[in-house]
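A.B. asks: Taking the hints into account, I'd like the entire structure generated from these sequences.
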Amino acid sequence: MDRLTPNTAARARDIRKNSPIRWRQASYHYKFMRLRHGILREPSEAEVLRLLEDTPQAWRKPPVQRPDDAARTAPPLDAFDQAKFEGAKLAGQSHIQYMLKPKEMDLGTVSELLSDEAFTAFDISRLMFFDFAKYGALSSVIVKWRRQSKLKPFPNRALLQLFHCLAKACAEMESPSNGTLPIVHFDLEPSNMLFGDRDNTEHPIMPLLRVADFGLSEEMPADLQDLRQADFIWNLRWRAKSFWYLPEQSSEDWDYIDQHPLPEDIKTYGEVAGRFGPASNIYHVGLTVWSCITGLLPMPTSRPVPFKDNDGTPCYSYGCDVLDDTKYGSVDKEIRQAVARCLIEEPRRRPKAQGLLELCEREIAAAAQRDGDKDPDFQQWCGRNFREPPIPEGLPLFDPGNPSDRQ
Numbered sequence: 001m002d003r004l005t006p007n008t009a010a011r012a013r014d015i016r017k018n019s020p021i022r023w024r025q026a027s028y029h030y031k032f033m034r035l036r037h038g039i040l041r042e043p044s045e046a047e048v049l050r051l052l053e054d055t056p057q058a059w060r061k062p063p064v065q066r067p068d069d070a071a072r073t074a075p076p077l078d079a080f081d082q083a084k085f086e087g088a089k090l091a092g093q094s095h096i097q098y099m100l101k102p103k104e105m106d107l108g109t110v111s112e113l114l115s116d117e118a119f120t121a122f123d124i125s126r127l128m129f130f131d132f133a134k135y136g137a138l139s140s141v142i143v144k145w146r147r148q149s150k151l152k153p154f155p156n157r158a159l160l161q162l163f164h165c166l167a168k169a170c171a172e173m174e175s176p177s178n179g180t181l182p183i184v185h186f187d188l189e190p191s192n193m194l195f196g197d198r199d200n201t202e203h204p205i206m207p208l209l210r211v212a213d214f215g216l217s218e219e220m221p222a223d224l225q226d227l228r229q230a231d232f233i234w235n236l237r238w239r240a241k242s243f244w245y246l247p248e249q250s251s252e253d254w255d256y257i258d259q260h261p262l263p264e265d266i267k268t269y270g271e272v273a274g275r276f277g278p279a280s281n282i283y284h285v286g287l288t289v290w291s292c293i294t295g296l297l298p299m300p301t302s303r304p305v306p307f308k309d310n311d312g313t314p315c316y317s318y319g320c321d322v323l324d325d326t327k328y329g330s331v332d333k334e335i336r337q338a339v340a341r342c343l344i345e346e347p348r349r350r351p352k353a354q355g356l357l358e359l360c361e362r363e364i365a366a367a368a369q370r371d372g373d374k375d376p377d378f379q380q381w382c383g384r385n386f387r388e389p390p391i392p393e394g395l396p397l398f399d400p401g402n403p404s405d406r407q
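Per UniProt numbering, the very first residue in the sequence shown carries number 1; after that it's consecutive.
Honestly, the hints are just simulated from the structure, not real lab data.
You may find that some hints are simply not true.
Derived pair list, reagent style EDC-like, types lysine to aspartate or glutamate, alpha-carbon separation capped at 20 angstroms [said to hold, decoys possible]:
(1) K374 / E202
(2) K134 / D199
(3) K134 / E388
(4) K308 / D325
(5) K152 / D324
(6) K352 / E334
C.D. replies: Dropping the structure here:
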């Protein structure tokens, strides 16, 4: 492991203080270069300093000055947005799991026993209340099915139902009902997708799937050209779990960008790095369905694969492996094609949420008529993977009816 000498440590501190974006750029260069080759390790300060000092002066050219009137002020990076954290900006949307306020909940006898002071104490200790997701997270279902089936894909109808729920959540994040800006989740992966109840309309057999945990989410303007705060954009690069980074975060385009990833000429540095928006959520949806097909965790690949979109447009996708008929021929080709399109490298070429919804609705009706996906087969599969939670045995840790527990 490289170690800094007192002199090099002083130089590193000086660069981090006076050129934080340049330091971050070099650090991310190392991190994502390794990640593209499947290596998960943070760079040392010595490695970052060596890159900065050994690179030609072009790396350290002065930042481009922007006209003040073109700037949209981004929120402070350390600001805590309570409404965003709670998912309250998406409250009322059917496929979003948001926090409930204790005072507004009907807790039966508990509501009568707890005073205002107790509810205040709940808030101070940051206890969180959500709708009960009794069937757990999608990640648990993937693990369970992987063990049962030995890496067989989910049935077509299950994949389509998941796709439909997640596309609906993407549509709700793109156009929140309260008129806020589109929301990019940044942590949209199976452990943050929770199964709620069934209903008599769209989810009579398979429970409704909701998106949860908006702690890393961010409101993004429709046109990122309006956002000129470089530090804000650079800090969005780390907002994901290691195996779930977006191309917008890991693209090699970042290695050629000085200071700000969004020049006036949008084509100067490609169309991937920093292009966060609703298409970022679509990528994570595609990666999730990819996991349901393969039974695997996403692995960072060094290069996307050439791929032709529905209209024949050549592009590059990280999901072309699911198009292999010998491995995944049991999965409907329309589903696999949609996954590959969601995982296209350039955000602007990915499908829209509305288009995915229409595809899913059309294919769900067709799948319900095919052998292996008819109601009895689908009910059997759901019965094996969505069991009712067991009734708790013994007394709870806290009994509000027991005076001694309230002391």
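A.B. asks: Please go over all the hints and tell whether each is borne out by the structure.
C.D. replies: The hints, checked one at a time:
no. : hint        : in the structure
1   : K374 / E202 : 15 angstroms, holds
2   : K134 / D199 : 14 angstroms, holds
3   : K134 / E388 : 7 angstroms, holds
4   : K308 / D325 : 17 angstroms, holds
5   : K152 / D324 : 14 angstroms, holds
6   : K352 / E334 : 15 angstroms, holds
Of the hints listed earlier, there is not a single one the structure fails to meet.
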